[in-house]
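S.K.: Use these hints to put chain B onto chain A, whose structure you have.
2 protein chains.
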Amino acid sequence: MGRVSLYLRQLEAYLDQGLTTISSSQLGKPLGITDAQVRKDLAFFGQFGCPGIGYRADELSETLRRILGIDRDWPTALVGLGHLGQALSRYRGFANRRFQIVALFDNDPSKVGQVYDGLEVRPLDELCTTIAQRGVLLALLAVPAAAAQDVAEVLAAAGITGILNFAPRSLVVPARVSVVNVDLSVQLEHLAYKVQNTGPSGVSSALSS
Amino acid sequence: MGRVSLYLRQLEAYLDQGLTTISSSQLGKPLGITDAQVRKDLAFFGQFGCPGIGYRADELSETLRRILGIDRDWPTALVGLGHLGQALSRYRGFANRRFQIVALFDNDPSKVGQVYDGLEVRPLDELCTTIAQRGVLLALLAVPAAAAQDVAEVLAAAGITGILNFAPRSLVVPARVSVVNVDLSVQLEHLAYKVQNTGPSGVSSALSS
Chain A
1 MGRVSLYLRQ LEAYLDQGLT TISSSQLGKP LGITDAQVRK DLAFFGQFGC PGIGYRADEL
61 SETLRRILGI DRDWPTALVG LGHLGQALSR YRGFANRRFQ IVALFDNDPS KVGQVYDGLE
121 VRPLDELCTT IAQRGVLLAL LAVPAAAAQD VAEVLAAAGI TGILNFAPRS LVVPARVSVV
181 NVDLSVQLEH LAYKVQNTGP SGVSSALSS
Chain B
1 MGRVSLYLRQ LEAYLDQGLT TISSSQLGKP LGITDAQVRK DLAFFGQFGC PGIGYRADEL
61 SETLRRILGI DRDWPTALVG LGHLGQALSR YRGFANRRFQ IVALFDNDPS KVGQVYDGLE
121 VRPLDELCTT IAQRGVLLAL LAVPAAAAQD VAEVLAAAGI TGILNFAPRS LVVPARVSVV
181 NVDLSVQLEH LAYKVQNTGP SGVSSALSS
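If you read the protein sequences in the order shown, they are chains A and B.
Residue numbering for the first sequence follows our numbering, starting at 1 and increasing by one per position.
Residue numbering for the second sequence follows our numbering, starting at 1 and increasing by one per position.
By construction, these hints were calculated from the structure, which means they are not laboratory data.
This structure is a prediction, so every number in the text was calculated from the model and none was measured.
Virtual Cβ for every residue (Gly too), placed ideally from N, Cα, C.
It cannot be assumed that every hint is accurate.
With beta-carbon atoms standing in for the labels, derived distance ranges [said to hold, decoys possible]:
(1) Leu19/B to Leu15/A: 49 to 59 angstroms
(2) Glu12/A to Leu19/B: 10 to 20 angstroms
(3) Arg72/A to Ala146/B: 20 to 30 angstroms
(4) Pro144/B to Leu15/A: 42 to 52 angstroms
(5) Thr34/A to Arg56/B: 37 to 47 angstroms
(6) Asp125/A to Gln133/B: 46 to 56 angstroms
One chain only, chain A, in its complex shape (with noise of 0.2 angstroms):
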């Protein structure tokens, strides 16, 4: 899956330079991705090239974003304003793919009422009613481990159907929830095993999504 969104980004910057069509060798080669490999990956989507031309861009560009559900867009709430959620607040790159960030939540007296990026940080009982006002879909969890499971208890039963979670701990939540872990010590470790695992001979890859 991570390797869709790679690929989006990589014919987007093709398109930028004005490319209608691309090769499978063009799309993978500046991600490290064998073109064969390509071929696999588009073909799960039912995406077939023209042998000896390629794909069209603008086609793939859309197949890649309808895959990806980003053909619409994702009302998503923060919940969270510590360091990490004040962080997040003012990333750019989530808006750009139409995942926008549309209230802000935290219980601290001392965090409530105050504005980031033009949005004002309301307590957490508000939660319930702004989520079904505004269509909120995600929400990104960025509160302390040992609150995680009961805010997402509350997000599940506000309506939300995804979270991002921050925490570093797992969530149980309804099936109807999706969660994707983001759990910054795990990618560390992951990084770690794979320096531990990378000799002065060994082959390392640049992607690992």
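M.R.: Frame of chain A; chain B shown alone:
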């Protein structure tokens, strides 16, 4: 790989509770992983529990820490003290797992000299010397996308062995340098994809690393 981190975290929770042996289902259940998968994963690393008894918790914890490379210290540098970098500099989860941030770098004159969590931000031209002197092995790269490749090359030249890359672009580095990309937009797209493919009758997992 991500699962090994999750197993270790769960195992440590059990050790704190005083458990000395642990079954594959005890380990997997809170993580939403089947006991068959747990056994398969651990067998891959040469860990065989006793049928009907399970794994020795302390021994297994030792092995998992060795596999993850966190039975040693990983002095880490943080490059880029924007919003995300500042949040990372204050993140507590890293040091707990022996990833200690020992140096901060930024080229912005308004940032150089500032102190975050007891560390002073230094200009990038000191990077090479400091990395050698302090034995820094890993780097958190939190610079803007446009600067990421240049800084990655400086880090590689300075002898860094691994980069956790937060910039939304791929890095080209020598094979001896490992890279793990943490692109938050990609994670959010992954979440949107999961939500989109989880109907009311869909089956969703709370785990996905």
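S.K.: The hint says 10 to 20 angstroms between Glu12/A and Leu19/B; measuring C-beta to C-beta, is that right?
M.R.: 50 angstroms, violated
S.K.: Could you tell me whether the CB distance from Arg72/A to Ala146/B stays inside 20 to 30 angstroms?
M.R.: 29 angstroms, holds
S.K.: Is it true that Pro144/B and Leu15/A lie within 42 to 52 angstroms of each other by Cβ?
M.R.: Given a distance of about 22 angstroms, which is not inside 42 to 52 angstroms, the answer is violated.
S.K.: Per the hint of 46 to 56 angstroms, is the separation of the Cβ atoms of Asp125/A and Gln133/B within bounds?
M.R.: 52 angstroms, holds
S.K.: Do the Cβ positions of Thr34/A and Arg56/B conform to the proposed distance bound of 37 to 47 angstroms?
M.R.: Distance hint for Thr34/A, Arg56/B holds at roughly 42 angstroms.
S.K.: Given the range 49 to 59 angstroms, decide if the beta-carbon distance of Leu19/B to Leu15/A lies inside it.
M.R.: 55 angstroms, holds
The structure is inconsistent with the numbered hints 2 and 4, although it conforms to all the rest.
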